[in-house]
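J.: The lines below spell out each chain.
There are 2 protein chains.
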Amino acid sequence: MWDALNRQDIPACLRICAGTDGSVTLLLELLTGKAVSVKTLEQSVVKATPEIARLLDIDPGDEVNTRLVTLSADGLVYVLAKSLSAIKRMPKEVRSDLMRADIPIGKILREHKLETRRDILKIEMVRSEFFGDVPVLSREYRIIYKSKVLMWINECFPVDGRWRM
Amino acid sequence: MWDALNRQDIPACLRICAGTDGSVTLLLELLTGKAVSVKTLEQSVVKATPEIARLLDIDPGDEVNTRLVTLSADGLVYVLAKSLSAIKRMPKEVRSDLMRADIPIGKILREHKLETRRDILKIEMVRSEFFGDVPVLSREYRIIYKSKVLMWINECFPVDGRWRM
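Top line first, the protein sequences correspond to chains A and B.
Residue 6 in this note's numbering sits at position 6 of the first sequence, and the numbers go up by one each step.
Residue 156 in this note's numbering sits at position 156 of the second sequence, and the numbers go up by one each step.
Think of the hints as simulated: they come from the structure by calculation, not from any bench.
From a predicted model like this one, the values you see are computed outputs, not experimental measurements.
Any given hint could turn out to be false.
Label pairs and their in silico Cβ distance ranges [as the list claims (entries may be wrong)]: (1) A:Leu121 to B:Thr49: 39 to 45 Å; (2) B:Asp133 to A:Leu76: 36 to 42 Å; (3) B:Gly61 to A:Leu41: 51 to 57 Å; (4) B:Glu63 to A:Ile120: 42 to 48 Å.
Selected chain B positions facing chain A (in silico; Cβ < 7 Å) [unchecked claim]: (5) Thr20; (6) Gly22; (7) Leu27; (8) Ala35.
The C-beta atom is built at its ideal place from N, Cα and C for all residues, glycine as well.
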């Protein structure tokens with residue numbers, strides 16, 4: 001799985017953002033020296049399809065918050081992130097933050113002092129409509145809270161010169 | 001606190017290692033493309049002094065595991081890390097790993113699937129005997145587990161050309 005990160009064309013800064021078990025937003029802020037802005041492209045509450053239920057290890061029909069955001073610094077998009085969150089496993093005060101505002105997930109977890117674990121599931125090169133002709137490094141991971149899957153996250157990173165910082 | 005990371009002479013790779021809320025060992029491996037080796041310089045079990053008790057929020061006299069290690073890649077030391085661990089708060093199987101072997105703490109937590117939170121307390125420039133004339137960036141943080149302090153960690157990073165990778 002980690003082989004995808006060892007390709008010659010993956011800049012070091014992208015390699016660490018895509019490989020870290022910590023917050024990507026925090027690393028982006030440290031790398032760029034700028035505030036990272038989160039822009040929500042889509043957000044809705046849906047009933048879990050069998051496919052979503054499998055990713056979150058919940059029952060089909062359970063409520064799930066879906067969010068599609070971009071992370072940008074200085075006007076440049078570094079990450080397109082899709083998240084699925086199991087609403088029933090989320091402390092109430094976290095729910096409103098996650099569903100309402102343009103706050104990065106790492107910051108939400110930190111501010112509510114949640115103890116979690118990140119399990120990386122997959123790292124691979126893909127194509128993405130959003131980034132057009134630019135090749136994309138994609139990773140999937142789960143955030144585990146109280147021994148259950150709280151969130152499934154897919155982050156897509158464009159592989160090009162923007163990471164030479 | 002974060003101002004220490006914005007000094008002109010702090011290379012980007014050092015900035016992210018010293019600022020991350022994830023595993024430093026993992027970032028070092030991603031940056032260098034090499035396995036990181038942990039060398040234990042000191043390890044012992046002590047009774048907590050009042051000072052140690054304060055750092056871990058335990059009672060003076062409680063048992064504490066102290067460990068001083070270096071993290072190296074390709075023969076070069078990148079980090080000198082001191083840790084204090086509250087033995088009574090540690091699951092039994094974690095205890096033996098931590099006290100016996102040259103395993104990075106991030107890996108120990110991950111392998112035992114512990115859900116934790118890292119609270120950064122301090123980041124500052126210091127002098128350290130270990131690194132001699134090289135200026136040192138030091139940070140202190142606590143690993144929180146089940147709402148209590150499991151470990152207090154101080155990492156020292158030499159500020160020089162070795163981070164230009």
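J.: When the hints from earlier in the document are held up against this structure, which numbers fail?
T.: 4, 8
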